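Undergrad: Taken in order, these protein sequences are the chains called A and B. Using our numbering, read the first sequence as starting at 1 and increasing by one per residue. Using our numbering, read the second sequence as starting at 1001 and increasing by one per residue.
Simulated from the structure, these hints should not be mistaken for laboratory data. This structure is a prediction, so every number in the text was calculated from the model and none was measured. Hints are supplied without guarantee of correctness; some may be wrong.
[To be verified] What the simulated footprint calls covered on chain B by chain A, stretch by stretch (three residues with Cβ under 8 angstroms from a Cβ of chain A suffice, anywhere in the stretch; the number is not a length):
id : region
1  : 1066–1079
2  : 1106–1112
[Unchecked claim] What follows is a list of derived Cβ distance ranges for each label pair:
id : chain 1 : residue 1 : chain 2 : residue 2 : range
3  : B       : Thr1030   : A       : Ala110    : 42 to 48 angstroms
4  : A       : Glu14     : B       : Ser1059   : 30 to 36 angstroms
5  : A       : Lys52     : B       : Arg1015   : 46 to 52 angstroms
Glycine is no exception: its CB is placed at the ideal position from the N, C-alpha and C atoms.
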Amino acid sequence: LAKTTQPISMDSYEGQEVNITCSHNNIATNDYITWYQQFPSQGPRFIIQGYKTKVTNEVASLFIPADRKSSTLSLPRVSLSDTAVYYCLVGDTGGFKTIFGAGTRLFVKA
Amino acid sequence: SAVISQKPSRDICQRGTSLTIQCQVDSQVTMMFWYRQQPGQSLTLIATANQGSEATYESGFVIDKFPISRPNLTFSTLTVSNMSPEDSSIYLCSVERGGNTIYFGEGSWLTVV
């Protein structure tokens, strides 16, 4: 299982773009990269998943360089409601032993 | 995605008692997973529950403390036995869907007093 490293916390202001980078140096060939968002007292919520290059959905973009040893979650124009913990996960077998790192606490200020 | 319902959503429990948490999924799934999240911490995998076989526990978790049932492909229970204040946590049920994505229930918040 590839271990992930993320910043412990980040601060931002409303309307700014936020980029959270995750390091996963030991990522395996079959591994996907998945990001989750968790609000207090709620279960984690799937945000986005990718294998390589760039993936974009209605919520975020995920940038993955060619070596795949890192990935960056990009949240465009954050709002106060984006204050949450963001987890980066790497794995190839879905829910099999999915291991969560410490996550990044994003705090969006007015 | 998957719709995952957990009961209870919250409970306050007396020390030494046991509580069973239920997890219901809207469609059949092979694997169901139970996580614990202690206050201010990340999620820790407790065990993997397969239908028709015993659950597989992670290091630090044992069946006597966290017995799990998986009677069918849409339902599982986790019991927290002989609770102590250290067991105060959110307990989360999750399932794999879409090959590489896991989905979580809203969690069951237990406070042991």
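Undergrad: Sort out which numbered hints this structure fails and list those numbers smallest first.
TA: Hints 1, 4 are the ones this structure does not satisfy, whereas the remaining hints hold.
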